[in-house]
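As you go down the protein sequences, you meet chains V, E, G and S in turn.
For my numbering, count along the first sequence from 1 and bump the result up by 61.
For my numbering, count along the second sequence from 1 and bump the result up by 61.
For my numbering, count along the third sequence from 1 and bump the result up by 61.
For my numbering, count along the fourth sequence from 1 and bump the result up by 61.
You can't tell identical chains apart in this list, so a pair holds if it fits in one copy or across any two.
Think about it this way: if two alpha-carbon atoms lie no more than 25 Å apart in a straight line, the pair counts; the simulated PhoX-like pairs of lysine-lysine are:
no., residue 1, residue 2
1, K90, K63
2, K116, K90
3, K116, K101
None of these hints come from the bench; they were simulated from the model.
4 protein chains.
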Amino acid sequence: MKAIVNVFLKQGVLDSQGKAVHHALDSLKFDGVNDVRVGKQIILDLSAADEASAKAEVTEMCESLLANTVIEDYAIEIVS
Amino acid sequence: MKAIVNVFLKQGVLDSQGKAVHHALDSLKFDGVNDVRVGKQIILDLSAADEASAKAEVTEMCESLLANTVIEDYAIEIVS
Amino acid sequence: MKAIVNVFLKQGVLDSQGKAVHHALDSLKFDGVNDVRVGKQIILDLSAADEASAKAEVTEMCESLLANTVIEDYAIEIVS
Amino acid sequence: MKAIVNVFLKQGVLDSQGKAVHHALDSLKFDGVNDVRVGKQIILDLSAADEASAKAEVTEMCESLLANTVIEDYAIEIVS
Numbered sequence: 062m063k064a065i066v067n068v069f070l071k072q073g074v075l076d077s078q079g080k081a082v083h084h085a086l087d088s089l090k091f092d093g094v095n096d097v098r099v100g101k102q103i104i105l106d107l108s109a110a111d112e113a114s115a116k117a118e119v120t121e122m123c124e125s126l127l128a129n130t131v132i133e134d135y136a137i138e139i140v141s
Numbered sequence: 062m063k064a065i066v067n068v069f070l071k072q073g074v075l076d077s078q079g080k081a082v083h084h085a086l087d088s089l090k091f092d093g094v095n096d097v098r099v100g101k102q103i104i105l106d107l108s109a110a111d112e113a114s115a116k117a118e119v120t121e122m123c124e125s126l127l128a129n130t131v132i133e134d135y136a137i138e139i140v141s
Numbered sequence: 062m063k064a065i066v067n068v069f070l071k072q073g074v075l076d077s078q079g080k081a082v083h084h085a086l087d088s089l090k091f092d093g094v095n096d097v098r099v100g101k102q103i104i105l106d107l108s109a110a111d112e113a114s115a116k117a118e119v120t121e122m123c124e125s126l127l128a129n130t131v132i133e134d135y136a137i138e139i140v141s
Numbered sequence: 062m063k064a065i066v067n068v069f070l071k072q073g074v075l076d077s078q079g080k081a082v083h084h085a086l087d088s089l090k091f092d093g094v095n096d097v098r099v100g101k102q103i104i105l106d107l108s109a110a111d112e113a114s115a116k117a118e119v120t121e122m123c124e125s126l127l128a129n130t131v132i133e134d135y136a137i138e139i140v141s
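This is chain V alone, in the form it adopts within the complex (with noise of 0.2 Å):
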C-alpha cells in the first residue's frame, strides 16, 4: 500500500521558497503565474492490513515527525 503525504505551510506562513520560485519565474518572462507554493511529498511504501489502518498510522507519523503542525498542514492519500 502507498501513501502519499503533501506537506505544505499553512495559509498565512509566508512561503520564502514558493516566493523565489515566483520571482524567478518572471524573471524568465513566464507570464500568467499568479501564485506558486513549494511544500514536500513524502510517499510511504507501508505493509499495512487494510486503507484505515494506513491512514491512521500515517496520521501519527504526520503529528509526530513528517509535518511542524504549528506551521505546516499536511493532507495523506493512500493509494492501494
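Chain V is fixed; fit chains E, G and S onto it per the hints.
Only chains E, G and S this time, still in chain V's reference frame:
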C-alpha cells in the same frame, strides 16, 4: 488553472532525506514501512488559456528551472 | 566578495527535519547526539564595493526573500 | 561539542534552488549577484570525548546518512 508539479530524485539516486525519515520512523517504532521517498511539490496558479498550453508552459518551467533533470524526474498534473 | 547566509528555524519552532535526522542517527546507533538542527546555507558571490555595502545588501535580500523572518532567523557572514 | 556540517551539490551538478534564488534576486533588482548556491547546514550537539573522535563520528554520519556523496560534497567543522 492550477498545475501541480512533483519533483523526485531519479530511481538509483540515493535519497538521503527519505533515508533519514525511514530510519526516524523505525526508531519511533512505526512498523511496516518498506520505503520512503521525499520530493518537492510545487503548486502553480496560472492564467493559461487552456490545459494544453498550461502543460506546455509548465514543462518548460520544469526543464529550465524547477527540476534538475540530470538527477530528478518530474510529473505535471493540470487541475482546471 | 562572498556572502554566506545561514537560515534556521527560530528557537521554539519545531524543526521536523532536524528531528527526523536525530531519530535516524539514533536508529543507526550513533550515540551521544544531544540535538540536531537542519537549516539552509546560501552562498552568494557578489560584486559589492565593500564589506559594509555587501552586508547591507544581503540583509535586504534576507528580509525580502531569503528568510521568513516570522519563523526563521538568519546570520550573514561576509568573506572577502 | 558542536559539529557544523555543510552539504552542497557538487560543482557540475545543477543547483536548481540556487538558480531560482538567483533569478528571483535579479527580478527584485538586486544587482551585482554573480552566483548563488543553496545547500543544507546541519548543526549537531554531541557529547564526544574529543575533537578527533567527534570528527570521525560525524564523517561516518555524513557518509551513511547526511549526504548523498554521489552528487553532494560535505564539510565538517567542530566547534568546542
